[in-house]
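Enquirer: Place chain L on chain V using the hints.
The residues making up each chain are set out below.
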Amino acid sequence: MPRRDLTRPWEIQLELETAKGNHIENVQTSEPIPIGTINGFESRFRRLFPNIVERTQRATGKYNCHGMVFASRRTQIYEPQLLRQILSEDGYTKISENYILPGDIALYVSDSGQIDHSAVVVERPPAEAFAKIPKVFSKWGAWVEVIHLANECPWAQEVGTTIEYYRMV
Amino acid sequence: MDKVSLNDNTLSDIVILANTPAFMFKRFRRDSSVQILASRLSTPELANCANNFSMRQNRSFLDKVYAYAYLAALSFKPASDVRNELRHYPNLPIEWSAELIKLILENAVSETYQIVLLTPQPSKFVGLHSQTSSTLSNVTYTTKPDIKVMIPINNHNERKVVHLD
Numbered sequence: 001m002p003r004r005d006l007t008r009p010w011e012i013q014l015e016l017e018t019a020k021g022n023h024i025e026n027v028q029t030s031e032p033i034p035i036g037t038i039n040g041f042e043s044r045f046r047r048l049f050p051n052i053v054e055r056t057q058r059a060t061g062k063y064n065c066h067g068m069v070f071a072s073r074r075t076q077i078y079e080p081q082l083l084r085q086i087l088s089e090d091g092y093t094k095i096s097e098n099y100i101l102p103g104d105i106a107l108y109v110s111d112s113g114q115i116d117h118s119a120v121v122v123e124r125p126p127a128e129a130f131a132k133i134p135k136v137f138s139k140w141g142a143w144v145e146v147i148h149l150a151n152e153c154p155w156a157q158e159v160g161t162t163i164e165y166y167r168m169v
Numbered sequence: 001m002d003k004v005s006l007n008d009n010t011l012s013d014i015v016i017l018a019n020t021p022a023f024m025f026k027r028f029r030r031d032s033s034v035q036i037l038a039s040r041l042s043t044p045e046l047a048n049c050a051n052n053f054s055m056r057q058n059r060s061f062l063d064k065v066y067a068y069a070y071l072a073a074l075s076f077k078p079a080s081d082v083r084n085e086l087r088h089y090p091n092l093p094i095e096w097s098a099e100l101i102k103l104i105l106e107n108a109v110s111e112t113y114q115i116v117l118l119t120p121q122p123s124k125f126v127g128l129h130s131q132t133s134s135t136l137s138n139v140t141y142t143t144k145p146d147i148k149v150m151i152p153i154n155n156h157n158e159r160k161v162v163h164l165d
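Note that the protein sequences, when read in sequence, are chains V and L.
Note that the working numbering gives residue 23 to position 23 of the first sequence, counting from 1, and the numbers run on in steps of one.
Note that the working numbering gives residue 11 to position 11 of the second sequence, counting from 1, and the numbers run on in steps of one.
Pulled out of the complex, with its shape left as it was, chain V reads as follows (with noise of 0.2 Å):
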């Protein structure tokens, strides 16, 4: 049953369990961002990223990147440490970028060691390529859900950012 907060009656919260059994926190929110806003920010946003390609066409704040990732897009993953949890229990093995397959996850982890995004690999860079930049696809906070080069977002821009790969082997 979903879990409902009762001072806070906009927010739901799915039974969300890592393979070991253990809760993890989410929320699932439908707050409407108005549509003039949403154009404002494809404008700002498709110039600053010309070569991205919108999977996905409605905005929706229900579920983030890591409940994209993590929660087959059904709710928000919020809290950042939980996601070492869920490598840890659900048994990700990490992977070097030499190897990297369709599938695996790519996860943005900034220099305080906090993951802040989280992203599904679809196309693995060229053998001959001198940097290993697959393709993926990720959800751009409540706006859509993005196919773009792994280095080609807000996330991947943050100084201090490195993206880290990992498979459910």
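Note that these hints are calculated values from the structure, not bench results.
Do not rely on the hints blindly, as some may be mistaken.
Simulated crosslink set (DSSO-like; lysine-lysine; CA at most 27 Å straight-line) [to be verified]:
(1) V/Lys-62 x L/Lys-26
(2) L/Lys-77 x L/Lys-148
(3) V/Lys-62 x L/Lys-102
(4) L/Lys-64 x V/Lys-62
Which bits of chain V does chain L cover? Going by a derived footprint, with three or more residues having C-beta under 8 Å, they are [said to hold, decoys possible]:
(5) 32 to 40
(6) 60 to 68
(7) 72 to 82
(8) 110 to 124
(9) 135 to 144
Which chain L residues stay away from chain V? Per the calculated CB distances, all over 12 Å, these [as the list claims (entries may be wrong)]:
(10) Val-4
(11) Ser-12
(12) Pro-21
(13) Ser-33
(14) Ser-42
(15) Asn-84
(16) Glu-85
(17) Val-116
(18) Leu-117
(19) Thr-119
(20) Ile-147
Glycine residues also receive a C-beta, built at the ideal position from the N, C-alpha and C atoms.
Expert: Frame of chain V, contents of chain L only:
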């Protein structure tokens, strides 16, 4: 209260793009208009405005953005003042408010300092005696007197060292 104009577009973009409260908080704190807000308004004014914007009937998206801006500005104020003020507003009806308040208190200005006295030892510097000679010789330099430093103690990893004369 001084009128401060916020960077509406930039802050709205951050709210749309934010996937976690931590990301939003980090980006809001970096925004110059939020920093100006923090310098112009007192802690009670900031907390009151955050509450008013989050409580507005038929709250607009921009009201929500402003509520976040006032909350983020609170993190530039002394931690004890912020804690006292936020006691008046235990349940801000805005997404991620509990997580944001935690981040604000972790990042607010610490008022507790650890004073450390550093006594430098005479240092030895090994270097070339002259540019034309290849002979190495030891050169001893005198050091400055004791240095007193104040290290703020808070829950955050960030350490600000304040040198005292």
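Enquirer: Which of the numbered hints above does this structure break?
Expert: 11, 12
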